[in-house]
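As given, the protein sequences belong to chains S and G, one line each in that order.
Residue 175 in the UniProt record's numbering sits at position 175 of the first sequence; the count goes up by one each step and never skips.
Residue 263 in the UniProt record's numbering sits at position 263 of the second sequence; the count goes up by one each step and never skips.
Don't read these hints as lab results, they were simulated from the structure.
Take these hints with a grain of salt, some might be off.
Stated by the list, open to error - Using 20 Å as the maximum straight-line C-alpha spacing, the simulated EDC-like pairs for lysine to aspartate or glutamate come out as follows:
1) G:K294 to G:E365
2) G:K294 to G:D242
3) G:K244 to S:E59
4) G:K341 to G:E365
5) S:K75 to G:E229
6) G:K282 to S:E116
7) G:K244 to S:D219
8) G:K289 to S:E194
9) G:K160 to G:E173
10) G:K282 to S:D262
11) G:K94 to G:E82
12) S:K125 to S:D219
13) S:K125 to G:E365
14) G:K244 to G:E229
15) S:K125 to S:E194
16) G:K244 to G:E188
17) S:K75 to G:E285
18) G:K191 to G:D242
19) G:K282 to S:D142
20) G:K282 to G:D242
21) S:K75 to G:D258
22) S:K75 to G:E82
23) S:K192 to S:E148
24) G:K282 to G:E301
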Amino acid sequence: MKLWGQMLWALLSGPGRKGGTRGWAFSSCPPHSPLAGLVSATELVSHWTAVFEERGIPEARESSEYIVAHVLGAKTFQSLRPALRTQPLTSQQLQCVQELSSRRLQRMPVQYILGEWDFQGLNLKMAPPVFIPRPETEELVDWVLEEEAQRPCAAGTQDGPLILEVGCGSGAIALSLLSQLPQQSQVIAVDKEEAAICLTRENAQRLQLQDRIRIVPLDVTLERWWTHLLPWGPMDLVVSNPPYVFHQDMEQLAPEICSYEDPVALDGGKEGMDVIIHILALAPQLLKGSGSVFLEVEPRHPGLVGSWLRSQPDLHLDLVAVRRDFCGRPRFLHIRRSGPQCGCPVGT
Amino acid sequence: MRARILWEAARCLRSRGALVPARRSLSSGSPPLEELFARGGPLRAFLERHAKSEVQLQARGPELAVVAKLLSEKELELRETEHLLHDENEDLRKLAENEITLCQKEITQLKHQIILLLVPSEETDENDLILEVTAGVGGQEAMLFTSEIFEMYQQYAAFKRWHFEPLEYFPSEIGGLRHASASIGGAEAYKHMKFEGGVHRVQRVPKTERQGRIHTSTTTVAILPQPAEIHLVINPKDLRIDTKRASGAGGQHVNTTDSAVRIVHLPTGVVSECQQERSQLKNREMAMKKLRAKLYSMHLEAAASKRYNARKIQIGTKGRSEKIRTYNFPQNRVTDHRINKSLHDLVTFMQGEYLLDELVQSLKEYADYESLVEVISKKV
């Protein structure tokens, strides 16, 4: 094993190789790998794990496993068919692994390298710089689904809920809700970034959900933004994973995040509340009488949001529940409209 | 009734024909089950007692009485018809032969029905299950064999049209398997698979062996029934869920791809892990599934250990430590030690298709036999 590792290392990363040709994106790659038909997936994972570790790349083993599994057509190394683990890779496969791994050496997030990731059982396309959904957000979706299941059928209508998602990014929240809610449910997904709008649209089409989602380029921090949403009528729910990182924390984010992901999707301003406040201030204009807002926030926010809401009694919004994520951090907020349908301009 | 008419007809035509050797009564039931039905045997006595209402069976009592009555009628009919085989009239003999074949077929069916009525079905028979394989003694060779066994069950699931979902897979360096588990679901999956739990032994010259010596290695198979929601309630407070995101700020602040999940059930110390999926949520669901199966089988074993102590075919922990089967490659033979049955053509057997199914059926029948003996020997 050790010998193999050394040979691999020498062949893949040693000096004195010919310059790359034949469609190679990286000049450090050999034009034709002499290892084709000799190296197994398991050995390749060990090799790249060692390389990543040496270069200080985080999640060295996980990264190399995901890359090798992806090239062999599996989602995780664990789920790779046993026979494929020991079978030698073809030269094309080796080249592919080489190319993807070299991107990882540049600290590109694995999700962008693979160009896809899974969320709530859905396979979504991922493309820089659109925000990569985090595992915590799967729990936000779970919570919304739980509450929806418990809600008695909306009075007078047989329809599923009408949901507004603010800051849809890749479309993860909107599409996973639609895929699990009744057929009549609809989502209006807004984002101010063109890249996010395009990616959500592409993912909706991949999942055949394009008929139940309206994707609208919209900046919720602009004045009277909500007027654009009036044609669709009042919403049952507003869901959002808004940018909530405190501005001063932005510097401390890992290179994977700050060099590749759009900071607009992360930076929530001084107290991480900028977009949260915009959403809450206008929620009463958009929500039905008993509508709710579900937000993912950071652990300091439940207190901050609670006291802000108390300072804005005219909004008639109550923080009714805070839920912790799987690591025990207060992460999700359920805010409900309590007061009269004040000044709602929407004719219903 | 047909037999009666035949009998009457025969009486008219009867003369002193040569004796035809009595036909051996045929049956397609397995030998031990057939023995139970022997005249004057314990099952007969049981059915008679039942008919006289000395034995009360719940629920299925009346149905059993009806079938038992049908059986004795058919058997009488068979005996009467059998006399006609000695008749000198060839047409009549032919007629009788046909009649007997029909009778025997019906008798076999009735016996089968009685067995089904008497053998108590287990609460878990219809359940899905978790299959676990773990390499035992024998180092790399044991791990190679373990991967072959895991594949065999994967193919068996496909053969039975069951759903097979690997939950974890820990390979060894040379393509073997240290440990793996899978969720299997489908019609009567547990009912078939429950006899596979135990120590499987392999005897062969390992690929890794240079001097051509035969090694003996083992792999341990566990079959855990998957509990229904209502059969097992776990308090979320009893669980500790470990993930790689536990340290640091989480949420938008970090982007990790390690989605492995480890769940510890604190009161029992039972641990369940999964890193099969990219989604942490999915991994948690799968780990939870496995944890539930583990806790449920612990619960079932506690309840059943007394009941099954005397049986040759063990299910659960007690069975898990027992050597149940040997795969002997030099002799191209697989032997199940519980029922002393050997099958040849090991390669076909390990393809997990009809040969494995045949052995599973034999085990099922033997298990039925054992529980039948238990039922009929119970004191009134």
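Taking the hints in turn, this is what the structure says about them:
For a cut-off of 20 Å, the pair hint linking G:K294 to G:E365 is broken: about 27 Å separates their Cα positions. Restraint check: the Cα-Cα separation between G:K294 and G:D242 comes to about 18 Å, which is no more than 20 Å; the hinted pair holds. Among the hinted pairs, G:K244 with S:E59 is consistent with the structure: their alpha-carbon atoms are about 10 Å apart, no more than 20 Å. Pair hint G:K341 plus G:E365 holds up; C-alpha atoms about 13 Å apart against a cutoff of 20 Å.
Proximity of S:K75 to G:E229 is assessed by CA-CA distance (about 29 Å); at most 20 Å being required, the pair is judged violated. Restraint check: the Cα-Cα separation between G:K282 and S:E116 comes to about 16 Å, which is no more than 20 Å; the hinted pair holds. Only pairs whose Cα atoms come within 20 Å are accepted, and G:K244 paired with S:D219 is rejected, the gap being roughly 34 Å. Taking the CA atoms of G:K289 and S:E194, the gap is near 41 Å; set against the 20 Å cutoff, the hint is violated.
Proposed proximity of G:K160 and G:E173 is contradicted: the alpha carbons are some 31 Å apart, above 20 Å. Straight-line distance between C-alpha atoms of G:K282 and S:D262 comes to about 27 Å, which puts the hinted pair past the 20 Å bound. At most 20 Å may separate the alpha-carbon atoms for a hinted pair to count; G:K94 and G:E82 meet this at roughly 11 Å. The suggested pairing of S:K125 with S:D219 is violated, with an alpha-carbon distance near 23 Å, which exceeds 20 Å.
Between S:K125 and G:E365 the CA atoms are separated by roughly 52 Å; this puts the pair beyond 20 Å, and the hint is violated. For the suggested pair G:K244 and G:E229, the alpha carbons sit about 28 Å apart, so the restraint of at most 20 Å is broken. A threshold of 20 Å between alpha carbons decides the hint, and for S:K125 with S:E194 the separation of about 16 Å falls inside it, so the pair holds. For the hint linking G:K244 to G:E188, the alpha-carbon distance of about 38 Å lies beyond 20 Å, and the restraint is violated.
A hinted pair counts as satisfied when its Cα atoms are at most 20 Å apart, and S:K75 with G:E285 qualifies at roughly 17 Å. Proposed proximity of G:K191 and G:D242 is contradicted: the alpha carbons are some 34 Å apart, above 20 Å. Only pairs whose Cα atoms come within 20 Å are accepted, and G:K282 paired with S:D142 is accepted, the gap being roughly 12 Å. With a C-alpha separation of about 14 Å, the suggested pair G:K282 and G:D242 falls inside the 20 Å cut-off, and the hint holds.
For the suggested pair S:K75 and G:D258, the alpha carbons sit about 13 Å apart, so the restraint of at most 20 Å is met. Of the supplied pair hints, the one linking S:K75 and G:E82 is violated, its CA atoms being roughly 67 Å apart against a limit of 20 Å. Distance check on the hinted pair: S:K192 and S:E148 sit about 27 Å apart at the alpha-carbon level, beyond 20 Å; violated. The suggested pairing of G:K282 with G:E301 is violated, with an alpha-carbon distance near 29 Å, which exceeds 20 Å.
Hint violations for this structure: numbers 1, 5, 7, 8, 9, 10, 12, 13, 14, 16, 18, 22, 23, 24, all remaining hints satisfied.
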